[in-house]
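Since chain A is already given, all that's left is putting chain B on it; use the hints.
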Amino acid sequence: MNAVDSALTGRTTLKLISGNNACALGAIAGGCRFFAGYPITPSSEIAERLSRRLPELGGVFVQMEDEIASMAAVIGASMGGVKAMTATSGPGFSLKQENLGYAAGAEIPCVIVNVMRGGPSTGMPTRPAQADLMQARWGSHGDYPIIVLAPASVREIFDETIRAFDLAETYRSPVVLLYDQVLAQLSETVALDLTRDPARAERKWASGPRADYRPYAADAAGVPAMSRPGAGYRTHTTGLTHGEDGFPTQNPEAVTRNLSRLFSKLERHRNAIDASAKLHCDDAEVVIVAVGITARAANRAVELCRAQGVRAGLFRPITLWPFPEQALRAAAAGARAVLVPEMNAGQLCLEVERVLAGTRVEGLFRFSGEPIVPVEIAARAAALAQEA
Amino acid sequence: MFIDLAAEFDIRDYLRMEMMPHFLCPGCGHGIALRALLWAVHDLGIDKDRLAVVSGIGCAGRLSAYIDANTFHVTHGRPLAYATGLALARPDLSVVVITGDGDCLAIGGNHLIHACRRNLKITCLMLNNEVYGMTGGQVSPTTSETRITTTTPLGNSEPHFDACMLAAAAGAGFVGREMTRHVPKLKELIEAGLEHPGFAFVEILSDCTEIFGRKNDMGSSPEMMLRQKSELRPSAYRDSVDTPFRPNDLPTGILAKNARPEYGATYRREAAAAAQRGAPR
Numbered sequence: 001m002n003a004v005d006s007a008l009t010g011r012t013t014l015k016l017i018s019g020n021n022a023c024a025l026g027a028i029a030g031g032c033r034f035f036a037g038y039p040i041t042p043s044s045e046i047a048e049r050l051s052r053r054l055p056e057l058g059g060v061f062v063q064m065e066d067e068i069a070s071m072a073a074v075i076g077a078s079m080g081g082v083k084a085m086t087a088t089s090g091p092g093f094s095l096k097q098e099n100l101g102y103a104a105g106a107e108i109p110c111v112i113v114n115v116m117r118g119g120p121s122t123g124m125p126t127r128p129a130q131a132d133l134m135q136a137r138w139g140s141h142g143d144y145p146i147i148v149l150a151p152a153s154v155r156e157i158f159d160e161t162i163r164a165f166d167l168a169e170t171y172r173s174p175v176v177l178l179y180d181q182v183l184a185q186l187s188e189t190v191a192l193d194l195t196r197d198p199a200r201a202e203r204k205w206a207s208g209p210r211a212d213y214r215p216y217a218a219d220a221a222g223v224p225a226m227s228r229p230g231a232g233y234r235t236h237t238t239g240l241t242h243g244e245d246g247f248p249t250q251n252p253e254a255v256t257r258n259l260s261r262l263f264s265k266l267e268r269h270r271n272a273i274d275a276s277a278k279l280h281c282d283d284a285e286v287v288i289v290a291v292g293i294t295a296r297a298a299n300r301a302v303e304l305c306r307a308q309g310v311r312a313g314l315f316r317p318i319t320l321w322p323f324p325e326q327a328l329r330a331a332a333a334g335a336r337a338v339l340v341p342e343m344n345a346g347q348l349c350l351e352v353e354r355v356l357a358g359t360r361v362e363g364l365f366r367f368s369g370e371p372i373v374p375v376e377i378a379a380r381a382a383a384l385a386q387e388a
Numbered sequence: 001m002f003i004d005l006a007a008e009f010d011i012r013d014y015l016r017m018e019m020m021p022h023f024l025c026p027g028c029g030h031g032i033a034l035r036a037l038l039w040a041v042h043d044l045g046i047d048k049d050r051l052a053v054v055s056g057i058g059c060a061g062r063l064s065a066y067i068d069a070n071t072f073h074v075t076h077g078r079p080l081a082y083a084t085g086l087a088l089a090r091p092d093l094s095v096v097v098i099t100g101d102g103d104c105l106a107i108g109g110n111h112l113i114h115a116c117r118r119n120l121k122i123t124c125l126m127l128n129n130e131v132y133g134m135t136g137g138q139v140s141p142t143t144s145e146t147r148i149t150t151t152t153p154l155g156n157s158e159p160h161f162d163a164c165m166l167a168a169a170a171g172a173g174f175v176g177r178e179m180t181r182h183v184p185k186l187k188e189l190i191e192a193g194l195e196h197p198g199f200a201f202v203e204i205l206s207d208c209t210e211i212f213g214r215k216n217d218m219g220s221s222p223e224m225m226l227r228q229k230s231e232l233r234p235s236a237y238r239d240s241v242d243t244p245f246r247p248n249d250l251p252t253g254i255l256a257k258n259a260r261p262e263y264g265a266t267y268r269r270e271a272a273a274a275a276q277r278g279a280p281r
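Same order as they appear, the protein sequences are chains A and B. The first sequence begins at 1 in the numbering used here and counts up by one. The second sequence begins at 1 in the numbering used here and counts up by one.
Think of the hints as simulated: they come from the structure by calculation, not from any bench. Any given hint might turn out to be false.
Reference listing, derived: stretches of chain A covered by chain B, where coverage requires no fewer than 3 residues with Cβ under 8 angstroms from a Cβ of chain B [claimed, not checked]:
id: 1; segment: 59-65
id: 2; segment: 92-106
id: 3; segment: 234-241
id: 4; segment: 294-306
Bear in mind that the values here come from a model prediction, so they are computed numbers and not experimental data. From the three backbone atoms N, C-alpha and C, an ideal C-beta is built for every residue, glycine too.
Next up, chain A with everything else stripped away, as it sits in the complex (with noise of 0.2 angstroms):
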């Protein structure tokens, strides 16, 4: 038994773990008892390190035949009522948005990892990017609400794995955890608390009489309560628009009621999803956003402006989707300019355009393959100062 499988059994004395590992050791803290995968670089490890460690704790661990099964089955699981994830790169998240779509529409509990690559296509699969920022959005067609987690370091995929799956229980929604080939392959010394609170969130489970129970009618959160197979209900789940009673329907006035509540599903949950962190923000006069990697490269940039009098601070949306407004606003209220590193060719800052309408916000972007790294970020930030 290794430091890190040992922590699970109470110690918790760890030496050194990557965030892929970090990210299955999450994935089993929060719960997962459901992984189904396809092997594709570079996320392979999550799949490998929980197909040793599911069966010993009684779940599955199954790979599919291709991306799309994988995540059809992920899908079947929950709906089952076991707590489900896998994990893809580039190409394979592609191939899992329309049953992400599904997941999202019949409000199916899952948790979907993205280690993101160079793209578009096959693009550099060894090397980092965060170029599907947009996709974890948008990916699949029609309007439909999910929730983004975008950790910066292998303790915070640790635990933003955990909040992963919190999340997907408590608002029946997919959630999408997003992080960079670094992060996914960087090792870390990090303690972590494998013995804390093992009660994780449950989704809500139909109680009372079958006649009474309708599977798509909201509780006072909007979020329905799910019915198990075998406990006596005998619901029927489909990817058509759908109303209270779950069974199809055309009607507008049910669509527009069902589908009304599942797009604010989200949004009137936002204090308990949000999740971000700042530095220095207070007296900044360059506020830098950043998620993942490019996060760490602009924190070591701020302390390296301070160190040379430039008034730099750091926004980071720790929850991507929904974006984090109200305290992206407030933390570049008193900024004179807003600097987005990322690498890609320019997404993060259209969110931060769109927020900070009339503030000036410039993009910083790679797409070489290579992390940006903090001097590139400070001298810009320096540069944008001395500007403003």
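This is chain B only, laid out in the frame that chain A set:
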């Protein structure tokens, strides 16, 4: 003397009557297939609460909504993949997949061959009506050669799949075919599939009177069924009669059966053993 084989079976006990009338066209064979399935479920005494039906997209896919059980109408071509997750997570459920020829053999073909190979306990009913009926009658992987469809105006020139040969070659534990004309035989075949401990593939030869039959001047539903009957022979005769190859010559009955270990049980047994010995990680 007339013997009512189904005297003990009232289909209404297994249907969501509030969903009636159903949306199938007059003459469609899918309702007969549904009846045969529910009759088999009744005869085997399967608890409706423990029955899970997963269906794909298309006319066949819509059948799950009529069944008073745990029903899941999923994405096009993927019911077997959803069912794999459900059956692995919940081995206490009887998992049945209802799919069509396009759903199962075209967009879902990859899932079919791997479900056959994996041999997880799922009963897959493929309702073959030779056409994409829901979308208006386009050519499918089982459309007979020369048939006219809305996307083969000059006649279909692609050979069709023999789904049962495909399933058997991919290793399915149980493979069978029947037509809707023989309801008791169809019911018995589905029953045998449900009882098989591994993956069971049952092809049901249905008929699409309104879309496919009309386009090809095949007459009404009884005429289409009689045509099917003339083109089929019970498998017992297949090996003993030397006939030249005919594209529509399909054998019926149980066509393949093997006792390969069921995947779920094997996985759970090995997992329990690994948990006990604390396998290296």
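Practice task
State whether the coverage of the segment 59-65 of chain A by chain B holds or is violated, taking the criterion as 3 or more residues with Cβ-Cβ distances under 8 angstroms.
Solution key: holds (count 4)
Problem - Coverage criterion applied to the segment 234-241 of chain A (partner chain B; beta-carbon cut 8 angstroms; 3 residues) - result: Since 7 is at least three, the answer is holds.
Exercise for the section: Tell me if chain B covers the segment 92-106 of chain A under the three-residue, 8 angstroms CB rule, please? Expected result: holds (count 3)
Exercise for the section: Go check the segment 294-306 of chain A versus chain B for me, would you? Three or more residues, Cβ under 8 angstroms, otherwise it fails. Expected result: violated (count 0)
The structure is inconsistent with hint 4 alone, although it conforms to all the rest.
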